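Using the sequences plus the hints, can you model the full thing?
Protein chains in written order, with UniProt numbering: chain A, 1 to 509; chain B, 1 to 209.
Everything labelled a hint here was simulated from the structure, so no lab data went into it.
Careful, some of the hints might be misleading.
Listed below are the simulated DSS-like cross-link pairs for lysine-lysine, each with C-alpha atoms no more than 30 Å apart in a straight line [said to hold, decoys possible]:
#1 B/K116 x B/K179
#2 B/K180 x B/K116
#3 B/K165 x A/K286
#4 A/K204 x B/K70
#5 A/K149 x A/K204
#6 B/K140 x A/K286
#7 A/K204 x A/K251
#8 B/K165 x B/K140
#9 A/K449 x A/K436
#10 B/K70 x A/K293
#11 A/K246 x B/K42
#12 B/K70 x B/K140
#13 A/K367 x A/K43
#14 A/K126 x A/K204
#15 B/K70 x A/K192
#16 B/K42 x A/K293
#17 B/K180 x A/K251
#18 A/K194 x B/K70
#19 A/K246 x B/K165
#20 B/K179 x A/K293
#21 A/K246 x B/K140
#22 B/K116 x A/K286
#23 B/K42 x A/K194
#24 B/K179 x A/K246
Per the computed footprint, the stretches of chain B lying under chain A, defined by three or more beta-carbons under 8 Å from a beta-carbon of chain A, are [as the list claims (entries may be wrong)]:
#25 83-92
#26 136-145
None of these values were measured; they are calculated from a predicted model.
Here a beta-carbon is modelled for each residue, glycine too, at the ideal position from N, C-alpha and C.
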Amino acid sequence: MSNKYGDEDESKKAKMHLKANDLLCVNGCGFYGTPQWENRCSKCWRAHQNELKKSQDFAKNKSLLSFDQFQERRKSTTESKSRGIKNLFKASPIPESGASSPTSTSPASTPTRRRDLSPDSLEARKHFTDFLVANLSTAMAQEIARSVKNAVTKICEMRMNPDEMSELVMSYYQYLGERIGGHSLFDSPDCKVKVEDVMDQVEKYISTCCYTTFFCASHEEEVADVSLQDRIRSLHWVTAGFLETKLVFKKQTVRDKIDEGISELIEINAKKSAFEKLECLTRSCKAVFEALKESESSMSADEFLPTLIYILFRGNPPLIQSNVKFISRFAIPARLMSGEAAYFFTNLSCALEFARNMNHESLQMEKAEFEAYTTGHLAPPLSVINSACNQAMYVLEGTIETITTVVKKAGGLASNLTGVHGKADDDLEKMLIVIKETVDFYPTEEYLKMKESIFGEEQETADLLVSLSRQSSESGRGTLSTSADSQPSTPQPQLEPSLESPLAAFSQK
Amino acid sequence: MAARNAGGAARPGGPNRTCQFKLVLLGESAVGKSSLVLRFVKGQFHEYQESTIGAAFLTQTVCLDDATIKFEIWDTAGQERYHSLAPMYYRGAQAAIVVYDITNQESFQKAKNWVKELQRQASPNIVMALAGNKADVANKRTVEYEEANAYAEDNALLFMETSAKTSMNVNDIFMAIAKKLPIGPAQGEPTGTVDMNQPQQQQKGSCCK
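Next comes the structure, spelled out in structure tokens:
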């Protein structure tokens, strides 16, 4: 504090006349700012700090998120293959050598394995064993089962980081693939499965076992994932229009397919084995293709990648980064090098890379504009395609359409009604005339009596009024002269309704 | 062309070697990358059952002398904004076709950039081909055949002008690539192990070439 005062003493001499404005928060919120907080008020300072932290977090984690690391790691996997195999099999029995060695190790390893295997892994193990028993000869099935069992035991026992473990698993895949690949059993015509099918099952089992320990294992990975998710959230305004997809959102089928793609993308996180995760991805991508097909757009990569990026932004799938890492760590490498799933996986990696590095240039707009949209200071302009992908917008559109048809129908109904009314009025008038004529022509006694009595009453009233006005004109002239003038005219208007009212009542009956 | 057949093919490890190759398509958007592939893949086999995945990822098998070659064709997004993502696609590719539109000078310039990038960054043994597509509208041509051919010769590229519409040279360019691909005995093994380590495989390929 004393320091600060000392500083101000010196500056006071220089400028004594500080304007009140200079003391205010630089954000212009109307509160006073403090030099400590870079001339911001407490509230603006906190907001500023948050912003700063967010951007620093993202910058820090960007390196963690980068795809290059996978590639480097993969390279190193190849180089240190021999070491990996050695590690994995140092203490493990070679199945060929007979039953003596497995029995010696299993009592020691069984308790550890039991404790470490999750229910999912146990289920995967059962599935795996069933597959082997059903499809392979007993000897072969036993050999593979034993080898994989040992590998899984090692995986559960060894405490190492995911990358090292991935190396080991990769070398194990290759080792096992080579071992069983050369087997003549698979060439014989009565063998229902191929080496690849067996390897699929092995991968399914092993990656499920790895899931508990190595999926999103480190704190950094989790943080990186969360900041990527934040990043994607801040890009929520990047809609199909900005990415120039050719989706036709007007079609319900297109919207359904897009939703299907999004939910499959989110589903990836719910699966445990790399194989199933890739299956989800494949289904998601196929839904994208179907959406493109429904939109009658070409189904080339020019259309596919932007659409995938769009559903990635829309879905913002949880822990997607960790999922991609997990797949690249524990899937059979061949699966990620060739085949449909590999292509889709590459596309997903590209979409993530695009999300990480996206800037104003990727969307061909001004930097300030891009930043304003991202921070939420500005809302992007409405355009047909941008709005078209907004759920609320097409709900609204549907409602408007319904309202329009309802209004049209109501208009038709109203004009019909007017017609009916007019016709009814006409008929009524005609009927009244007819009735009046009939009644006049054949008057009933009651009618005559009523008519007479009404006439008599009216006469009396008129007389009464005349006499009343005469009396009043005698007592106070002038004041009531006007009322006297108007009196004679009153009976007439009274007469007409009284004549008509019974008729009207009659006609209503 | 006569050597091609419908790939009844592909029993791995059989006497007729099967090799799988990844081929990546590069080029500006709307030069006809995907129609070229569609013509190659579907023009021949109408019963082919992969139409549901669109034209972004397709496979096609061709027979060459005593080997069966399975092309796995990866299409890439041609828009400029996705340019930086391309390395992920051509990583581990054994062949690439760079496509331009003969009626569009700019697409030819882009194609040259792609070639330069591949020479610098793709695996050194990659077989590259340059395809001048839309040869059926030669009257609107802005890129001369001689110009492109000279460029291809300078850079040791396969070069053909193609037309996805009339199917001119479409099969030929893929066959020409197939002939240049390294077909080593090591690749006759099941794919489960062959593709495992890309760099190694390429080394094997190069020494058997």
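Taking the earlier hints as the rules, which of them does this structure contradict?
6, 7, 12, 17, 20, 22, 24, 26
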